[in-house]
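**Student:** So the protein lines, in turn, are chains A and B.
Residues 203 to 314 in my numbering are what the first sequence spells out, letter by letter.
Residues 491 to 602 in my numbering are what the second sequence spells out, letter by letter.
Please note: incorrect hints may appear among the correct ones.
[Unchecked claim] The list that follows gives simulated cross-link-like pairs (lysine-lysine, DSS-like), each with its CA atoms no further than 30 Å apart:
# : chain 1 : residue 1 : chain 2 : residue 2
1 : B       : K545      : A       : K301
2 : B       : K556      : A       : K306
3 : B       : K531      : A       : K259
4 : B       : K556      : B       : K545
5 : A       : K301      : B       : K554
6 : A       : K261      : B       : K554
[As the list claims (entries may be wrong)] Away from chain A, derived, C-beta distances all over 12 Å, residues of chain B:
# : residue
7 : Q496
8 : S563
9 : L566
The set of hints was computed from the structure by calculation and includes no laboratory data.
Bear in mind that the values here come from a model prediction, so they are computed numbers and not experimental data.
Ideal Cβ placement from N, Cα and C applies to all residues, glycine included.
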Amino acid sequence: TQLLEQSPQFLSIQEGENLTVYCNSSSVFSSLQWYRQEPGEGPVLLVTVVTGGEVKKLKRLTFQFGDARKDSSLHITAAQPGDTGLYLCAANSGGSNYKLTFGKGTLLTVNP
Amino acid sequence: GAVVSQHPSWVICKSGTSVKIECRSLDFQATTMFWYRQFPKQSLMLMATSNEGSKATYEQGVEKDKFLINHASLTLSTLTVTSAHPEDSSFYICSAQLVGYTFGSGTRLTVV
Numbered sequence: 203t204q205l206l207e208q209s210p211q212f213l214s215i216q217e218g219e220n221l222t223v224y225c226n227s228s229s230v231f232s233s234l235q236w237y238r239q240e241p242g243e244g245p246v247l248l249v250t251v252v253t254g255g256e257v258k259k260l261k262r263l264t265f266q267f268g269d270a271r272k273d274s275s276l277h278i279t280a281a282q283p284g285d286t287g288l289y290l291c292a293a294n295s296g297g298s299n300y301k302l303t304f305g306k307g308t309l310l311t312v313n314p
Numbered sequence: 491g492a493v494v495s496q497h498p499s500w501v502i503c504k505s506g507t508s509v510k511i512e513c514r515s516l517d518f519q520a521t522t523m524f525w526y527r528q529f530p531k532q533s534l535m536l537m538a539t540s541n542e543g544s545k546a547t548y549e550q551g552v553e554k555d556k557f558l559i560n561h562a563s564l565t566l567s568t569l570t571v572t573s574a575h576p577e578d579s580s581f582y583i584c585s586a587q588l589v590g591y592t593f594g595s596g597t598r599l600t601v602v
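The shape of chain A in the complex, shown without the other chains (with noise of 0.2 Å):
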């Protein structure tokens, strides 16, 4: 089982600060994903990166993989209360199953 270690677990900032959210695994993984989830919702995907170093922009959110394909990070640009929810990573563990694992999540508060 590929593990994907996710960092930091929680965070609380105000509305305007910038944030990293981190995903990281000694596996190398063929595309990474990330979801955001509000409570009492399913898992609502905001990108895939595929390619090693790839950077993809979502409005205020950067998403990266890293060269090696182990790692990502998710970048939050003024954050905004509309921001706050779940935030987590994911994988392919591979195999003909297509399993999705996923990190332990970041809950993310942003505070007006």
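Since chain A is already given, all that's left is putting chain B on it; use the hints.
**Tutor:** Chain B alone, transformed into the frame defined by chain A:
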């Protein structure tokens, strides 16, 4: 886009009874679906992989006789929590894969 419908969204049951949760792929066929369990402020833990027309594959530590999975059609997988106990109270989420992974909105199970 792909939509996965999960029902019910919440259920309260008495200890010792059984509860069935449905997961439907609305506009695509899913030969494989996944069932996750999530405790408050924690990440998703994969319970089992549901395979259409064959037995489900359970993750280590998940009791297959307690969490019965049936995937009788290409659009429906069900999870039955048998003889439920308060410790089974949790948020259960299903997902299916088309291009990426799509998640249901989850079922909040409370066993009293």
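**Student:** Now tell me if each hint is right for this structure.
**Tutor:** Hint check:
1. B:K545 to A:K301: Holds, because 16 Å separates the two Cα atoms, which is no more than 30 Å.
2. B:K556 to A:K306: At roughly 25 Å apart (the allowed maximum being 30 Å), K306 (chain A) and K556 (chain B) satisfy the hint.
3. B:K531 to A:K259: Given that 30 Å is the threshold and the Cα spacing comes to 27 Å, the pair holds.
4. B:K556 to B:K545: holds (14 Å)
5. A:K301 to B:K554: holds (18 Å)
6. A:K261 to B:K554: violated (43 Å)
7. Q496: violated (7 Å)
8. S563: holds (19 Å)
9. L566: holds (17 Å)
Of the numbered hints listed earlier, those contradicted by the structure are 6, 7.
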